Every structure is written in C-alpha cells, then in structure tokens.
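Colleague: Protein chains in written order, with our numbering: chain Y, 1 to 383; chain F, 1 to 442; chain H, 1 to 167.
Honestly, the hints are just simulated from the structure, not real lab data.
All of these numbers come straight from a predicted model, not from anything done at the bench.
The calculated label-pair distances, taken between Cβ atoms and stated as ranges, are: (1) H:Ser132 - F:Ala46: 56 to 62 Å; (2) F:Pro266 - H:Asn25: 52 to 58 Å; (3) H:Asn25 - F:Asp371: 31 to 37 Å.
Stretch-level coverage of chain H by chain F, calculated; a stretch enters the list once three of its residues show a Cβ under 8 Å from a Cβ in chain F: (4) 50–57; (5) 67–73.
Note that the Cβ used here is the ideal one computed from N, Cα and C, for glycine as well.
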Amino acid sequence: MSESRINASNGSSNVTTTVLGADEIILNMGPQHPSTHGVLRVKLKLDGERVVGSECVIGYLHRGVEKIAEHRSYQQFAPYVDRMDYVAAVSNGLGYCEAVEKLLGTEAPPRARVVRTILTELQRIASHLLWLGPHALDIGALTPVFYCFREREEILKIFEKYCGARLTTHAFRIGGLQYETYDGFEQDVKRFCEDFDKKVDEYETLLTENRIWVGRTKGVGILSAQDAIALGVTGPVLRASGMKWDIRKAMPYAAYDQYEWEIPTRPTGDTYDRYLVRMEEMRQSRRICLQAIENIPSGPIMARIGKVLKPPPGEVYHSIEAPKGELGYYIVSDGTTQAYRTRVRPPSFINLQAFDKMARGALVADVVAIIGTIDIVLGEVDR
Amino acid sequence: MNHVIPPSIQAYVLPVLYGVVVVALLPLLAGYIVLLERKVMADMQARLGPMRVGPHGLLQPIADALKLLIKEDIVPEKADRFLFWCAPVLSVTMALLAYAAIPFGPVFQIADLNVGLLFILAISSLGIYGIVLGGWASNSHYSLLGALRSAAQLVSYETAAGLALVSGLMLAGSLSMKDIVQAQYDQGVWFVFVVPVGFFIYLVGSIAETNRAPFDLPEAESELVAGYMTEYSGFRWALYFLGEYANMVVVAAIATTLFLGGWLRPFARYQDHLFGTSIELLDLLPTILFLAAAAYCFWLAPRQPVQIQKIVMALVGGLCLVLAAGMTGALFAPDAVRLGIHGAFWFLAKVFAYIYAFLWIRFTFPRYRFDQLMRLGWRFLIPLALVNVIVVGTTIVLQQNWEWRHPMLSAIVTTAIMLGVAAFLAREGSAPSEPAEVGEGN
Amino acid sequence: MNSLLFYFFSILAIASAILMVTRRNIVHGAVFLITTLLATAGIFLQLQAEFLFVVQIILYVGGIMVLFVFVIMLVNLDVSLHLVQFNRMKFVSTILAVVLAGHLFAAFWITRNSLNLGPRGEAMMQPRNTESVGQALFQNYMLPFEIASILLLVAMIGAVVMAKRKV
Numbered sequence: 001m002s003e004s005r006i007n008a009s010n011g012s013s014n015v016t017t018t019v020l021g022a023d024e025i026i027l028n029m030g031p032q033h034p035s036t037h038g039v040l041r042v043k044l045k046l047d048g049e050r051v052v053g054s055e056c057v058i059g060y061l062h063r064g065v066e067k068i069a070e071h072r073s074y075q076q077f078a079p080y081v082d083r084m085d086y087v088a089a090v091s092n093g094l095g096y097c098e099a100v101e102k103l104l105g106t107e108a109p110p111r112a113r114v115v116r117t118i119l120t121e122l123q124r125i126a127s128h129l130l131w132l133g134p135h136a137l138d139i140g141a142l143t144p145v146f147y148c149f150r151e152r153e154e155i156l157k158i159f160e161k162y163c164g165a166r167l168t169t170h171a172f173r174i175g176g177l178q179y180e181t182y183d184g185f186e187q188d189v190k191r192f193c194e195d196f197d198k199k200v201d202e203y204e205t206l207l208t209e210n211r212i213w214v215g216r217t218k219g220v221g222i223l224s225a226q227d228a229i230a231l232g233v234t235g236p237v238l239r240a241s242g243m244k245w246d247i248r249k250a251m252p253y254a255a256y257d258q259y260e261w262e263i264p265t266r267p268t269g270d271t272y273d274r275y276l277v278r279m280e281e282m283r284q285s286r287r288i289c290l291q292a293i294e295n296i297p298s299g300p301i302m303a304r305i306g307k308v309l310k311p312p313p314g315e316v317y318h319s320i321e322a323p324k325g326e327l328g329y330y331i332v333s334d335g336t337t338q339a340y341r342t343r344v345r346p347p348s349f350i351n352l353q354a355f356d357k358m359a360r361g362a363l364v365a366d367v368v369a370i371i372g373t374i375d376i377v378l379g380e381v382d383r
Numbered sequence: 001m002n003h004v005i006p007p008s009i010q011a012y013v014l015p016v017l018y019g020v021v022v023v024a025l026l027p028l029l030a031g032y033i034v035l036l037e038r039k040v041m042a043d044m045q046a047r048l049g050p051m052r053v054g055p056h057g058l059l060q061p062i063a064d065a066l067k068l069l070i071k072e073d074i075v076p077e078k079a080d081r082f083l084f085w086c087a088p089v090l091s092v093t094m095a096l097l098a099y100a101a102i103p104f105g106p107v108f109q110i111a112d113l114n115v116g117l118l119f120i121l122a123i124s125s126l127g128i129y130g131i132v133l134g135g136w137a138s139n140s141h142y143s144l145l146g147a148l149r150s151a152a153q154l155v156s157y158e159t160a161a162g163l164a165l166v167s168g169l170m171l172a173g174s175l176s177m178k179d180i181v182q183a184q185y186d187q188g189v190w191f192v193f194v195v196p197v198g199f200f201i202y203l204v205g206s207i208a209e210t211n212r213a214p215f216d217l218p219e220a221e222s223e224l225v226a227g228y229m230t231e232y233s234g235f236r237w238a239l240y241f242l243g244e245y246a247n248m249v250v251v252a253a254i255a256t257t258l259f260l261g262g263w264l265r266p267f268a269r270y271q272d273h274l275f276g277t278s279i280e281l282l283d284l285l286p287t288i289l290f291l292a293a294a295a296y297c298f299w300l301a302p303r304q305p306v307q308i309q310k311i312v313m314a315l316v317g318g319l320c321l322v323l324a325a326g327m328t329g330a331l332f333a334p335d336a337v338r339l340g341i342h343g344a345f346w347f348l349a350k351v352f353a354y355i356y357a358f359l360w361i362r363f364t365f366p367r368y369r370f371d372q373l374m375r376l377g378w379r380f381l382i383p384l385a386l387v388n389v390i391v392v393g394t395t396i397v398l399q400q401n402w403e404w405r406h407p408m409l410s411a412i413v414t415t416a417i418m419l420g421v422a423a424f425l426a427r428e429g430s431a432p433s434e435p436a437e438v439g440e441g442n
Numbered sequence: 001m002n003s004l005l006f007y008f009f010s011i012l013a014i015a016s017a018i019l020m021v022t023r024r025n026i027v028h029g030a031v032f033l034i035t036t037l038l039a040t041a042g043i044f045l046q047l048q049a050e051f052l053f054v055v056q057i058i059l060y061v062g063g064i065m066v067l068f069v070f071v072i073m074l075v076n077l078d079v080s081l082h083l084v085q086f087n088r089m090k091f092v093s094t095i096l097a098v099v100l101a102g103h104l105f106a107a108f109w110i111t112r113n114s115l116n117l118g119p120r121g122e123a124m125m126q127p128r129n130t131e132s133v134g135q136a137l138f139q140n141y142m143l144p145f146e147i148a149s150i151l152l153l154v155a156m157i158g159a160v161v162m163a164k165r166k167v
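So here's chain Y without its partners, still in its complex pose (with noise of 0.2 Å):
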C-alpha cells in the first residue's frame, strides 16, 4: 500500500497526521449507520484490528437551534430546547426555564418544584431505559430492548396524560407549570415505581452477572478519572470512573434537597461501571419519585412574573443534573424580550470528546459498545 499524508476535508483532525503504514486503514462508520445512534461519522484508524485513532465528524443534525435564540422570545424558545436532547426532552426544558428564573430573580412555587423534580426523575428513567436497549442490542442481547420499551412506555403515558405530548412535553413553563397534575397522577406515578424495581432486577437478570456481558464490557473503553476531569467530562460517564459528583447534590435545584439518595460511583470507568451505574441510578431515581409523591405541597403552580418577559440585563449560567450529565445554559440578556444570546452547554458533547481516549487501543468490535456506553443524541450534540 502506497503511503500517504491524511487530508481531512476540514483541514484540521484530531488524528494526527501521520503517514499511514502498510497496515493502516482508515475506516468510516456512519453517519447512516445502525450503530451510531444518529447521524455520527466516525472515521477510525485501524491497526489490523485495533484502533490507534479516531475522529469523529459531527454536525450532520445542526439546526442553528442557539441562532434562532436570538430572535425568539424566553417563552418562544422554551419548545426548541426539547428538540436538542429529544430523548429526555423534559430535563432539557427543566434546565432552560431554571436559568431564566434565575436571571429574572425569581423561583418557582414549591408545588411546582416538586412536581418537576417527579416528571424529571421519570425523565431520567426513561432516558436511561432508551439507553439501555440500544446499547444492549448493539453487543447482540436482542430481548431486553423490548423490555425496556416497555417499561418506559408507561411513563410517555404519564407524560401524555400531562401535557398532552409523550415525547417532545414542553412540560414546564418560566416561573412554574402550566398544567396542575391530572386526577390519578400519584396512583400512576406510584404504581410505576412500585412496579419498577422488579423490572430492573429483570434487566439485572438477563445482563448483570452474564459472562458474555462482562466479557464484551469490562475493561473496554477505560476513561480514568483525572483524563475524565480534564476532558470536562460529567453525568455517568465521570461517576463511573470514580468521581463522586453530582449536580443535583452538589448545587441543588428544583426539590432535590428534600430527598434522600444516592450517588452510585463506581471504580474503574469501564463499560460495564457506566452499565451498573445507570441502572443505580434508575433505582435512586424510584427512590426520589417515591419520596416526593408522599407529599407533593399544595399551592400556585406558577409564579407571579407576568406575561411579557424582560429580564434585567445580566447573565446566567445555570446548570442541571440531566441524564446525560451536565447540562448547561448560559444566557445574556439584554433587557430586552429575546435574550441576546443563549448557550448551551450539551453533555453529549463534551462526552463524546472522550471518545478518542476510550477508542484508543480498543477492536473494531468494541467501538460499537464505546458509542453506546457514553449515550449521545446527536440532537444535544449538534443543536
């Protein structure tokens, strides 16, 4: 094979340019592939069967979702941050209009709080559960997608009977909730949790202690704890490889203070740590929802801060504990009704910049299940 320079399109790569050996090939998955979980492009560099490099090509799903911002009121902009994470549509949603309400001084009612902090744990579950099946069907375990489907079909029928859309809610609203609970939403809320712990010893049974499990996840994809921190790395992904850190512990929101729970870490930031600690978490995510639906408080749903919003100019960086990880929204306002300019900060994103270190060295064979185990939506990942 004749030896020649790389040239990305782009004129810069994160894969060195070095000249290709006689054995190197450069491989490209996606951006239609089954495996990527959107449209991803990964163009891996392969040694034989291992990767020694790796590059990922995004953007294939950029709306401009941050320009349109700029030219949208808070309250018209509150249905576009859906669409970023459209998996766990309801936490994106909880990020922005906290942020706003920071920057206009004020906080949501109790009820309010809490009613978000339940429908964001379901969230949270769902999200994990839609994690979970692909995941597991990429490493080739076809039934517990299914199972998972399942399960997280009875929480869109919650949020359907909520707000009317299952996966894209626009739940929340700046300064509170539009929509008080409907009649039978604690029956609901507490038959699924009740049910839900059974339902992760099932998913437990069918992978946990599999051997075929463990051999295709442990020791793939190691991410250690301090390349995990200096990658910016947050949610699972960093609690997998032994940081204890947690937003909702660490700078509390909405109602989690209230609560009592905990935060799974785990040791080695394998595959399989991230696995064990998603599935803790949906339990700690019972927990809260069982907690709070003890006692959700009487009272206003929103708070008093009128129709027309025009915050003082300032701005804001407010950040949640999404499902995905960190999950940011920095915003400048002007003093006008449109904010001068709103960031997001995606977790999808910046977790898949650690994708490079977990390749490396990793089979072809492996690079499937590293996609998977850092759980991206391109809607977060390219907005």
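Please build the complex by placing chains F and H on the supplied structure of chain Y, with the hints as guidance.
Modeller: Same frame as chain Y, now just chains F and H:
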C-alpha cells in the same frame, strides 16, 4: 410391485422416494422453523410476532418465499459470476445432502451408511465453501474478511463438536446412525445421561457451527464488517438462509440421534401393556399429547377476536385430533408402519426441542466478540472435548475389563471428573479482554 | 448400475482436472480441484472403502482445500486475479504430455493380461472398512502412526510460532 420394477433398480426406489420427500418438504420445514423462531422470539420479548399474514402468521413463510422469488436479482458489477451463482447453491446443496444419512425413524432413512455419522460431519465441513466462496464472489474487502472469519469459526468449533461426538460414538460402538440408536435401546439409556458433558460440548459447538447467536458476529448487522451475505439479495439470499436453517435441523438431528435416543420413545424398554392388549402404555403418549394440544386449541378458539381466527383455531384443533387419531391408529398397523410413524414423531419432537434450545439461547445472550469466540473454542472447548474423549474411553475400557456392572456409577464418576476439568479450563476460556493498551500486537 | 456410477465419477474427475488446469482464475481452479477430489472420493466409495471416502472429504476437501482457498484469498488479493499463465511453453508441454500418455497407455496395454486382482485383493474389499483401518493403524502400524502425529504436532506448533507477532 416387484414384477413392475426391474430388479436392478429395486434397491433404489425407496431411497429415491424418501429423497424426493425430503427435498420437497425441507424448504417448507425450514420456512416454518423461521416462523417458529419469530414467534418464539416475540414471546420472549413480550410481543406477538407475525400475526397478519394468515391466522397467527401461519402463512408468513409462504409470503416471504414469494417475495424473495420475485425480487430483482442484483449481481455486483465486478463480482465473479460463476462463484456468485455457485456459492449459495453450494450452501444449500450441502445442507440437503446431509439429510441422506439422517434416520427420521427406524424405516425412514435414505441411506443407512455404515459410516453415516462421519458422512454427515464430512458434508458439514463442505458447507464452509458456501460461505468462503460467497464472501469472495462479492468482491468486497469486508465481505471477504467476514467470510474468512466465519469459516475460521466454523472450522474451530467443528473440531470441538466432532470430538464430542466421538465420546458418544465410543459408547455406541458404531458409526452407523441406525446402530447408534439401536445401542441406546440395547443399553437402555440415552447417551446424554451417560456423557452429559459431551452433549454440552456438542450443543455449544453446534450453535457455533450454524453461526447462531451468541456466535453470530460474522453475520450481525450492527457490526462494522459486512458479512458474506450482504451482496446477495432475493432468491440467492433465500438459498443461504434456507441452508442455514436446514443446517440447524441437521445438527439437531445428529444430536438427537447420538445423545437423545433418536427415534426411541422415553423409557423405550418399559413394556407394560394396556389392559392385556398389545399396545404399550407409553406408546399412548403421542396420542395424549395431541389430544391435549387439540383441547387447548378448542379452548382458545372462542376467545379469538376475529371470526376467521376462530375458525382457523378450530381447524388447528381438528388437525391435532386427526394427528392423535393417526397416532392411535398406527398402533394397530403392521410393525413397520407403527414404528415408522411413532419413531418419526419422537424424532421430530426431540429435534424441535433441540432447536427450541437454540432459539432460547439466541434471544437470551449477547454476542461474543470474535477473539473471545476463538478463545472459547480453542482454549476451553477443544481441551475439554479431548479430555472428555480420554475419560470416557478409559471408563469404557475399565467397565469392560474390570466388570464394573454399575453404568450409572461410571456415568457419575465420568461427569464428576469432567466437571472438575471444565472448572479448571473455564479460567482459560474467559480471560477478560485486554484493557485498552496502545501498541499491543494481535 | 455400478459401472454407470463409475463412468460418471471418472468422467467428472477427468473433466474437473482438465478444467482446473485450464482456468485463468485461481479461485475457479481451486473449486475444480475440489470437484476432482470429490469425484475421487466417489470412486473410493465404489471400491467399498467407505472410510477412505469420508476421510477424503473431511481431510482433503474440508481441510486442505479450505487451507488452499484461504491462502489464495488472503495473499495478493489483486494479483491472484490477474496472473498471466505461462503460455510460452505450450507447444513443448503438449508434446511431452502426449509422449507420457503414450508411455502409460503402452504400459497398460502390454501388461493387460497380468493385471488381475488376486484373492488378497478381494479380501481387502470388505464392508467393515473403518474397523479394518482402525485395527491396522493401532495394532500393526502403531509406531508410524505416532510418528506421524508428532510430525503434525510439530508442524502446528511451528505454524503458530511463526504467525504470532509477539512470543
């Protein structure tokens, strides 16, 4: 009939007839095994499976076959036309050829070779060419690599499976399939109870040989490297698919013959008769089973939502009743017919049980990565199979020479030794994948 | 019937052999070698040597030819498709082949009467071929058998050692 057919070809009539029946029925059987797989998969995944085409999806295989037949036949431009045509045909032919030596019953066997088992193994090893040539003919680097990997996997696990068969063979003392079943009758025990470890090794080996999960990395869709089947569409792909499922039935048939007693009913030597008639009690089992199935269908029929489904359910129940009657009627028929029909029933029941195990395993476990697969084959299964042969052989010789009259004792001792060896080897076979180190060679 | 089958197998073997040596494409040549070996196995079966029949298929066709095919496909993927046959010696080689064929034919023709299968040959062609081969190998020819297996073991170890990148 003897005066109609000239004596020189008399010996060939019945085998040719059986052969025609097998070749005609096999595609249908393979198609319905596909439907069975989809229904079982759906059941395990909390859903229903094909329901639309025909009642409960019973006509689905026919619809699939029709669709594949009328699809456009695409041949890649630079593909090797001769091999592109030849490869799927090879795959199916080898799968069908293996049926020549399989005993579906004491009567229904196309050819009772006295090296029957070895013949089937030989034909299975020819099936590799269908894969390798298919990958080559697609003129794609990745198809070729996938095909070669698949072939390497097949060869490795064939060795282990063959050695496992040897242990059962030593108990039978003959390579002829008929004699093997006869030996199980004579010894009064199915060989799976004497060499369960051998059966287990054969089970794992046969799953890998038919490229089924958890060993189906070469043909998994979510993997990067394309498999050998990617360039084939329409009827050619149907042939590959048919070959794969026919192969599944072949390995199930081998396992059934060698380990599960072939066409023998459970407790074949238990000869209690029914009220002084010549009917053996246990021979009524098929009748009872079919009656139970019919009762279940009739119970389900009024509960179906749609009229046509009610009728069809009732018809299926009626079919079960007819089969029950047939089974009972065969008890009064001359020996050959009775043995033939009941033998075929038990044989098929065991084959389907084995295939059900295949399906069950496919939908429960994730997939092995290729290097883990090869490691499992070479460092766990083959050593285990070798030790199995030695231990079983030693036990047989000791039994013969030292007059050990307790076959069960020897079976237990053998199994205990093998489990110990297996536990030791298991450390080797499941070493975790090396952590991500740059610069480590393959 | 027997002779019909014999003619079928032998014509198949000869035709495959001719096709094998005349193919431009190496992989086609390998496929025809496979058919030649299979036809030979059929002739073994006719000679009541059923064990040899199966072993021919398992070892030659299912083992050695797979090895050949692997090697052809893995090494020089592009080159193998475009190899030019050495055509310059066609004339001389045809003459030599004809001369050799003439010698063989003459040898068979001259000794046609003394070629007969004696009673020892008849005794060899017995149904229980597998057992006879097994007994011969493990009783009379035990030492050569063991030497052959050690030879194979050495070859396997050598191949693995040469192929590993890191010892």
